[in-house]
Amino acid sequence: MARATFKGGVHPYEGKELSKDKPIKDVLPQGDLVYPLSQHIGAPAVPVVQKGDRVLRGQKIAEAGGFVSAPIYASVSGNVKAIEPRRVVTGDMVMSIVIENDGMYEEVVYPESKPLEEMTREEIIECIKEAGVVGMGGAGFPTHVKLSVKNPEKIDYVIANCAECEPYLTSDYRRMIEEPDKLIEGLKVSLALFPNAKGILAVEDNKEDCIALLKEKTINEQRIVVTRLKTKYPQGAERQLIYATTKRKIDSTKLPADVGCVVNNVDSIVAIYNAVINRKPLMERIVTITGEAINHPQNMRVHIGTNYKELIDAAGGFKEEPVKIISGGPMMGFGVFELDLPTTKTASALLCLTKDEVSEMEPSACINCGRCLEACPGNIMPNKLATLAINHKEEEFVANDGMECCECGCCSYVCPAKRHLTQSIKSMRKTILGKRKK
Amino acid sequence: MSELKKVSSNPHVRARLTTGHIMFAVVIALLPTSIYGIYNFGPKAAILILITVLSSVMTELIYEIVMKKKVTISDFSAVVTGLLLALNLPVSVPWWIGVIGGVFAILVVKMLFGGLGQNFMNPALAARCFLLISFTGIMTNFDCDAYTGATPLAILKSGESVNVYNMVLGRCNGTIGETSMAMIVVGAIFLIVLGVIDLRVPGSYIVSFVMFLGLFGGQGFDTHYIAAHLAGGGLMLGAFFMATDYVTRPITVKGQYLYGILLGFLTFVFRVFGPSAEGVSYAIIIGNLLVPLIEKVTRPRAFGKKWGTKK
Numbered sequence: 001m002a003r004a005t006f007k008g009g010v011h012p013y014e015g016k017e018l019s020k021d022k023p024i025k026d027v028l029p030q031g032d033l034v035y036p037l038s039q040h041i042g043a044p045a046v047p048v049v050q051k052g053d054r055v056l057r058g059q060k061i062a063e064a065g066g067f068v069s070a071p072i073y074a075s076v077s078g079n080v081k082a083i084e085p086r087r088v089v090t091g092d093m094v095m096s097i098v099i100e101n102d103g104m105y106e107e108v109v110y111p112e113s114k115p116l117e118e119m120t121r122e123e124i125i126e127c128i129k130e131a132g133v134v135g136m137g138g139a140g141f142p143t144h145v146k147l148s149v150k151n152p153e154k155i156d157y158v159i160a161n162c163a164e165c166e167p168y169l170t171s172d173y174r175r176m177i178e179e180p181d182k183l184i185e186g187l188k189v190s191l192a193l194f195p196n197a198k199g200i201l202a203v204e205d206n207k208e209d210c211i212a213l214l215k216e217k218t219i220n221e222q223r224i225v226v227t228r229l230k231t232k233y234p235q236g237a238e239r240q241l242i243y244a245t246t247k248r249k250i251d252s253t254k255l256p257a258d259v260g261c262v263v264n265n266v267d268s269i270v271a272i273y274n275a276v277i278n279r280k281p282l283m284e285r286i287v288t289i290t291g292e293a294i295n296h297p298q299n300m301r302v303h304i305g306t307n308y309k310e311l312i313d314a315a316g317g318f319k320e321e322p323v324k325i326i327s328g329g330p331m332m333g334f335g336v337f338e339l340d341l342p343t344t345k346t347a348s349a350l351l352c353l354t355k356d357e358v359s360e361m362e363p364s365a366c367i368n369c370g371r372c373l374e375a376c377p378g379n380i381m382p383n384k385l386a387t388l389a390i391n392h393k394e395e396e397f398v399a400n401d402g403m404e405c406c407e408c409g410c411c412s413y414v415c416p417a418k419r420h421l422t423q424s425i426k427s428m429r430k431t432i433l434g435k436r437k438k
Numbered sequence: 001m002s003e004l005k006k007v008s009s010n011p012h013v014r015a016r017l018t019t020g021h022i023m024f025a026v027v028i029a030l031l032p033t034s035i036y037g038i039y040n041f042g043p044k045a046a047i048l049i050l051i052t053v054l055s056s057v058m059t060e061l062i063y064e065i066v067m068k069k070k071v072t073i074s075d076f077s078a079v080v081t082g083l084l085l086a087l088n089l090p091v092s093v094p095w096w097i098g099v100i101g102g103v104f105a106i107l108v109v110k111m112l113f114g115g116l117g118q119n120f121m122n123p124a125l126a127a128r129c130f131l132l133i134s135f136t137g138i139m140t141n142f143d144c145d146a147y148t149g150a151t152p153l154a155i156l157k158s159g160e161s162v163n164v165y166n167m168v169l170g171r172c173n174g175t176i177g178e179t180s181m182a183m184i185v186v187g188a189i190f191l192i193v194l195g196v197i198d199l200r201v202p203g204s205y206i207v208s209f210v211m212f213l214g215l216f217g218g219q220g221f222d223t224h225y226i227a228a229h230l231a232g233g234g235l236m237l238g239a240f241f242m243a244t245d246y247v248t249r250p251i252t253v254k255g256q257y258l259y260g261i262l263l264g265f266l267t268f269v270f271r272v273f274g275p276s277a278e279g280v281s282y283a284i285i286i287g288n289l290l291v292p293l294i295e296k297v298t299r300p301r302a303f304g305k306k307w308g309t310k311k
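Respectively, the protein sequence lines represent chains A and B. Under the numbering used here, the first residue of the first sequence carries the number 1, and numbering increases by one thereafter. Under the numbering used here, the first residue of the second sequence carries the number 1, and numbering increases by one thereafter.
Don't take every hint at face value.
[Unchecked claim] Simulated crosslink set (DSS-like; lysine-lysine; CA at most 30 Å straight-line):
1. B:Lys-306 <-> A:Lys-146
2. A:Lys-22 <-> A:Lys-182
3. A:Lys-355 <-> B:Lys-5
4. A:Lys-16 <-> B:Lys-5
5. A:Lys-418 <-> B:Lys-5
6. A:Lys-249 <-> B:Lys-68
7. A:Lys-7 <-> A:Lys-393
8. A:Lys-438 <-> A:Lys-426
9. B:Lys-5 <-> A:Lys-22
10. B:Lys-306 <-> A:Lys-154
11. B:Lys-6 <-> A:Lys-426
12. B:Lys-5 <-> A:Lys-319
13. A:Lys-426 <-> B:Lys-254
14. A:Lys-309 <-> B:Lys-5
15. A:Lys-430 <-> B:Lys-6
16. A:Lys-426 <-> B:Lys-306
17. A:Lys-247 <-> B:Lys-306
18. B:Lys-254 <-> A:Lys-247
19. B:Lys-70 <-> A:Lys-393
20. A:Lys-230 <-> B:Lys-254
21. A:Lys-438 <-> B:Lys-306
22. A:Lys-217 <-> A:Lys-230
23. A:Lys-247 <-> A:Lys-154
24. A:Lys-247 <-> B:Lys-296
25. B:Lys-69 <-> A:Lys-7
26. B:Lys-306 <-> A:Lys-435
27. A:Lys-319 <-> B:Lys-6
28. B:Lys-69 <-> A:Lys-426
29. A:Lys-426 <-> B:Lys-157
30. A:Lys-426 <-> B:Lys-70
31. A:Lys-309 <-> B:Lys-6
32. A:Lys-393 <-> B:Lys-254
33. A:Lys-249 <-> B:Lys-306
34. B:Lys-306 <-> A:Lys-230
35. A:Lys-437 <-> A:Lys-426
36. B:Lys-296 <-> A:Lys-418
The hints are simulated quantities; they were obtained by calculation from the structure and are not laboratory data. Just so you know, these numbers come straight off a predicted model, no measurement behind them.
Start from the sequences and build out the full structure, keeping to the hints where you can.
Okay, structure coming up:
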């Protein structure tokens, strides 16, 4: 059967069998919950509570700090213990609200929900904005900004990113298997915003059961199709996904809306559903706790703000001492040096590896083999760009399309000389972007 | 968990394949034609191969020890260079030719330019051409125990006919590793199946060579003549094992086709119009020199970018 795909990409060991058959388990937080004010792209949220305040579950504790920003809600009831800098997965210290969980889970009364048909476009977007929904696949771009396009009638496709191309991750898979209706209803909410759009559920073909289930559930939906994607990393990268499903191409300077597309991740679409249909803010997400070092790899429904240590404990602790811990998937996740970190809106997984393939292998000279070029979904020249980056040749780096890199990691993955290509290019990009901001 | 964990930039997993694996695969792929060469030309061929490989590896080792650099001989690249050079030598050369060739290839062409990945010419071929120019008589003396007289291509050039069947099998005179088209193709198929090389360079090289030879060679598309040119001399060894050398071929896909066509053209010119019957080695090292230019003009355009747009 025809499978949608793109040029480039790699096939790393999948590792999904560790947790793929484990149903989503609810995990209640025990200790303090930490809510970093910056867990999305854009301006940090601004606290609306003070130290000592008692808050309820579902209460807004920080409001959006601008249009490109998102509010944050308490996921438990308790007292605000502190507003102070706390460490996050990237290693940075970020101003955070700390709530002492009183274990009562007293909830606020949510507003009355209206049938979708009676809501205007503005009302729907306002609901999503108020609920603090952001791209939960990892980037954390505020969803209401994505949906507020200039010409809604010019959007042809609303793409649900169900690829889950990162190895080891199974949270989206479990969501699709266990709660397909929420996903489909959420997609319908997005479709209500765009009168001429078609909904695409794009699933990789290593999840045949999801494809079959979603097809069956959408058989009577005129506006929704299920697209089978070739299993390949990074099939779920936004620009590659748009190309695979619609054959439309954009470079990094353009937005999906420029070619009539809107892309949202599975968890974000469910969050949209909760925000608009149930009028509930974003307080939970599905996290895959996995890796060879974990006793019982599994998928959990986690209250945002829960400490990572509690998640490890809930998964039965370590079978053996992990050598490396990654927040997110192995291709794009962040290596973390300690576990005293909070679960944020964008934390899709906690991966505990028993070996560190990166430091096991010493980088050697480039032999010009061209495997990085073949693997690069951005069709740029990673070997050349990495060399330019190492030599700080900024102008040449930009002239050779260095800023088009999506940092997916394919080049470093395939390199037989084990060069840290992605890392060099990534740092150069950061330097240049930093200079442009000034 | 008291101690802090290691952190690093993404990705956190790596494919298993290493440079050493690739080079080792090339050595394995060269074995059929090497073994056939020894069978064809006798034990002296084995000794010459051994001397050349050893002198290549020792040169790299000594250079790196003297210069206090990291020793890299375990990546097998010096073995590949030495082996390829030996396969490009006539069996009749004295042992010191192998030594000089190995030292020149590794020291002058590879290490002085920065070691693996930095050389702009194929070390084995550059050394062969150096030897050809310096010791022309020795390097073009193909008299040996097994055969007397000229190589098939030289015979062909003089206007006489050759036995193409024997040339495909390798039952003819030439350098140690170039005579058997069949054995070279077996090794090449092994590398293609493993994904170490692809057909872009060898394919466009051979096809364009045949086209130029047929159109402008003066003999038309004469099957016997063209087949003799394909099976004779270093074309097969060059196309599959030396034109495909990662370091000295363009990295871009379009560039690889362009490079192949260029090699086909140069080989045609040197073989048909040049004073010597052979032209593959010179064609490839001249092609090597044009690689930076070819890469520059064939740079791929980033995903979603259109040519002519800024930034």
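Evaluated hints:
no.: 1; hint: B:Lys-306 <-> A:Lys-146; in the structure: 25 Å, holds
no.: 2; hint: A:Lys-22 <-> A:Lys-182; in the structure: 19 Å, holds
no.: 3; hint: A:Lys-355 <-> B:Lys-5; in the structure: 12 Å, holds
no.: 4; hint: A:Lys-16 <-> B:Lys-5; in the structure: 24 Å, holds
no.: 5; hint: A:Lys-418 <-> B:Lys-5; in the structure: 21 Å, holds
no.: 6; hint: A:Lys-249 <-> B:Lys-68; in the structure: 50 Å, violated
no.: 7; hint: A:Lys-7 <-> A:Lys-393; in the structure: 28 Å, holds
no.: 8; hint: A:Lys-438 <-> A:Lys-426; in the structure: 19 Å, holds
no.: 9; hint: B:Lys-5 <-> A:Lys-22; in the structure: 27 Å, holds
no.: 10; hint: B:Lys-306 <-> A:Lys-154; in the structure: 23 Å, holds
no.: 11; hint: B:Lys-6 <-> A:Lys-426; in the structure: 19 Å, holds
no.: 12; hint: B:Lys-5 <-> A:Lys-319; in the structure: 16 Å, holds
no.: 13; hint: A:Lys-426 <-> B:Lys-254; in the structure: 27 Å, holds
no.: 14; hint: A:Lys-309 <-> B:Lys-5; in the structure: 14 Å, holds
no.: 15; hint: A:Lys-430 <-> B:Lys-6; in the structure: 22 Å, holds
no.: 16; hint: A:Lys-426 <-> B:Lys-306; in the structure: 23 Å, holds
no.: 17; hint: A:Lys-247 <-> B:Lys-306; in the structure: 15 Å, holds
no.: 18; hint: B:Lys-254 <-> A:Lys-247; in the structure: 22 Å, holds
no.: 19; hint: B:Lys-70 <-> A:Lys-393; in the structure: 27 Å, holds
no.: 20; hint: A:Lys-230 <-> B:Lys-254; in the structure: 26 Å, holds
no.: 21; hint: A:Lys-438 <-> B:Lys-306; in the structure: 28 Å, holds
no.: 22; hint: A:Lys-217 <-> A:Lys-230; in the structure: 22 Å, holds
no.: 23; hint: A:Lys-247 <-> A:Lys-154; in the structure: 17 Å, holds
no.: 24; hint: A:Lys-247 <-> B:Lys-296; in the structure: 28 Å, holds
no.: 25; hint: B:Lys-69 <-> A:Lys-7; in the structure: 39 Å, violated
no.: 26; hint: B:Lys-306 <-> A:Lys-435; in the structure: 26 Å, holds
no.: 27; hint: A:Lys-319 <-> B:Lys-6; in the structure: 19 Å, holds
no.: 28; hint: B:Lys-69 <-> A:Lys-426; in the structure: 29 Å, holds
no.: 29; hint: A:Lys-426 <-> B:Lys-157; in the structure: 57 Å, violated
no.: 30; hint: A:Lys-426 <-> B:Lys-70; in the structure: 27 Å, holds
no.: 31; hint: A:Lys-309 <-> B:Lys-6; in the structure: 17 Å, holds
no.: 32; hint: A:Lys-393 <-> B:Lys-254; in the structure: 25 Å, holds
no.: 33; hint: A:Lys-249 <-> B:Lys-306; in the structure: 10 Å, holds
no.: 34; hint: B:Lys-306 <-> A:Lys-230; in the structure: 26 Å, holds
no.: 35; hint: A:Lys-437 <-> A:Lys-426; in the structure: 16 Å, holds
no.: 36; hint: B:Lys-296 <-> A:Lys-418; in the structure: 25 Å, holds
The structure shown violates the earlier hints numbered 6, 25 and 29.
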